[in-house]
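Chain X is fixed; fit chain C onto it per the hints.
Chains as they are written, first to last, in my numbering: chain X, 1 to 429; chain C, 1 to 161.
Derived from the structure by calculation, the hints contain no laboratory data.
Keep in mind that a hint or two might mislead.
[Stated by the list, open to error] Taking lysine to aspartate or glutamate pairs in the EDC-like style, the calculated list, with each CA pair at most 16 Å apart, reads:
(1) X/K84 with C/D28
(2) X/K76 with C/E46
(3) C/K156 with X/E49
(4) X/K99 with X/D87
(5) X/K42 with C/E31
(6) X/K161 with C/D143
(7) X/K42 with C/D28
(8) C/K7 with C/E109
(9) X/K42 with C/D30
(10) C/K156 with X/D53
(11) X/K332 with X/D304
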Amino acid sequence: MNVTERILARASGRKRVEPGDVVVAGVDKAMVHDVSGPGVIKVFERLREQGIDTGRLWDPSRVWIAEDHFVPSAEKASAENIVKLQDFAEKYGVGRHFKYGMGQYGICHTLSHEEAMVMPGEVYVGGDSHTNTTGALGAFACGLGHTDVAYVLLHGRIWFKVPPTALFVLRGAPPAHVMAKDLILRILGDIGTDGAAYGAMQFAGDGVYGMPVEERLTLTNMTTEAGAKNGIIEPDRRVFDYIGERAGAGAARAAEAGAAYGDGDASYESTREYDAAELEPMVASPFSPDNVGPARDSSSVELDKAYIGSCTGAKMHDLEAAARVLKGRTVKVRTEVLPAAMSIYRRAVESGLVGIFAAAGAVVGPPTCGACCGAHMGVLAKGEVCVSTTNRNFPGRMGHPESRTYLASPQVAAASAVTGRITDPRDLD
Amino acid sequence: MRGRAIKYERDNIDTDVIIPGAYLKVHDYDELGRHAMEGLDPRFRERAAAGGSIIVAGRNFGCGSSREHAPIALSRSGIRAVAALSFARIFYRNCVDGAFLLPVEIGGEAYAAISDGDELEIDTGAGTIAAAGKSYPTRPFSDIISRIIAAGGLFKAGLDG
Chain X
1 MNVTERILAR ASGRKRVEPG DVVVAGVDKA MVHDVSGPGV IKVFERLREQ
51 GIDTGRLWDP SRVWIAEDHF VPSAEKASAE NIVKLQDFAE KYGVGRHFKY
101 GMGQYGICHT LSHEEAMVMP GEVYVGGDSH TNTTGALGAF ACGLGHTDVA
151 YVLLHGRIWF KVPPTALFVL RGAPPAHVMA KDLILRILGD IGTDGAAYGA
201 MQFAGDGVYG MPVEERLTLT NMTTEAGAKN GIIEPDRRVF DYIGERAGAG
251 AARAAEAGAA YGDGDASYES TREYDAAELE PMVASPFSPD NVGPARDSSS
301 VELDKAYIGS CTGAKMHDLE AAARVLKGRT VKVRTEVLPA AMSIYRRAVE
351 SGLVGIFAAA GAVVGPPTCG ACCGAHMGVL AKGEVCVSTT NRNFPGRMGH
401 PESRTYLASP QVAAASAVTG RITDPRDLD
Chain C
1 MRGRAIKYER DNIDTDVIIP GAYLKVHDYD ELGRHAMEGL DPRFRERAAA
51 GGSIIVAGRN FGCGSSREHA PIALSRSGIR AVAALSFARI FYRNCVDGAF
101 LLPVEIGGEA YAAISDGDEL EIDTGAGTIA AAGKSYPTRP FSDIISRIIA
151 AGGLFKAGLD G
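Isolated chain X (complex conformation):
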């Protein structure tokens, strides 16, 4: 069995599973945020109307809550959803609730690794499609809708069809200015937005294991854009150390003890190999994450805005990469930097990154999903063009249906902010 199959076998009490088997898996951790949380609350209301008991959660200590999509609240409906979440947490005794404006909070997928909320080998489900992100820690991490998450919160288990796994192997270290984002965009261009539909995407090879954990998270994050059920990377020492730095030596030991790996007869539905030396800065042009080409081919595209934010592109490593480009330069278009969690924001202040962004003329905003999903805080007007470190560029994703978003790495976004056009960071040197 490969690592995804091993985790699902373990979680469903089976010796062996194969792609296509339907299993009922025990869940280790479950997450809701300020969109899926109120959605689940609504499902609970409807269940009570049918006489179904929603009096207690299966295990409140395994449930956690993020406030990310609509914070800070722009209007009443959002503010009321935050109150609903707080009432829910109190009623059901959910202690891990990361509240806006009270210390650590941020985008759910960022908290999952920043706070080591999920351990290698675990089954983790979240009420958000980019839950796949956390698979970079070696967990089976999968996004679900409100009804399914409601079922998990009440029963602690859920059905899955065991996915076939596609393996992506990176050989060698990427050249300067090439980031994990460029690799995953390249892969999306190769396989398309349903290229891994219902499947698992696993990443391996010395090129992947040479990446810091935060870059690996960019790879698994955008497996969602290929339609994948989960993205996963078997954990190594770097992952255990990363967890140890955030949750202590005991957590690091537990992570190592619980880690799952494929065995000698692990099989994969397909294998694709990439030579890191051949990678280059990429963009995904409107209106699909698989509409991909070299950034240099889009250098005539004039921009209105650069957005450095989201679970995909505003981790500490992403901000450092953007700051290296922006240091000593000035932005030519409206530029926003939104660190993905408060812990990252603090480090960005302490290490001087915020000063670099401000000196370049960019606005540094609070952690939020914000404009990435067209919700609030910097959405696009009709006809506006944006380069963004986020993960989707469907029509209307970041604002008006006739706005246009180019997806790119933090380095490409920063270089483009400086010139006002889509720019390969190598062309700034």
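Below, chain C without anything else, positioned relative to chain X:
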């Protein structure tokens, strides 16, 4: 199930156009229904009000965000089924587990044959979709999906059987 087709001849109709992100804060089901397909088709409500109740579309319908708002908005606007070449996984699960509407996978021949406004008949027992006097096979549901559809959603089906 009988209904009139609303056909979109395109792939990757994502949940951002089915119900745009600005409505994610809304949890009133009828209110969501009033904004269904707002990102793609300004005439959608008119077409649904005129009796269109089965959406016909291409590959990867419902891709993108996991928002259950998408099948909720479609069902509350009068849509009872989506017949597509393929579906994105979370949207498909949400349709079935929440018992909002029926996702039916059709083949290329049916997709090409069905025109906007056609009267369709979906027979889940026989595994067919009929249009203009001709019947086409639909992809069979897996056992668990059949069981959940028959029960009327995940909570009614349970996971013990």
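> What are the numbers of the hints that this structure violates, sorted from low to high?
Replying inline: 2
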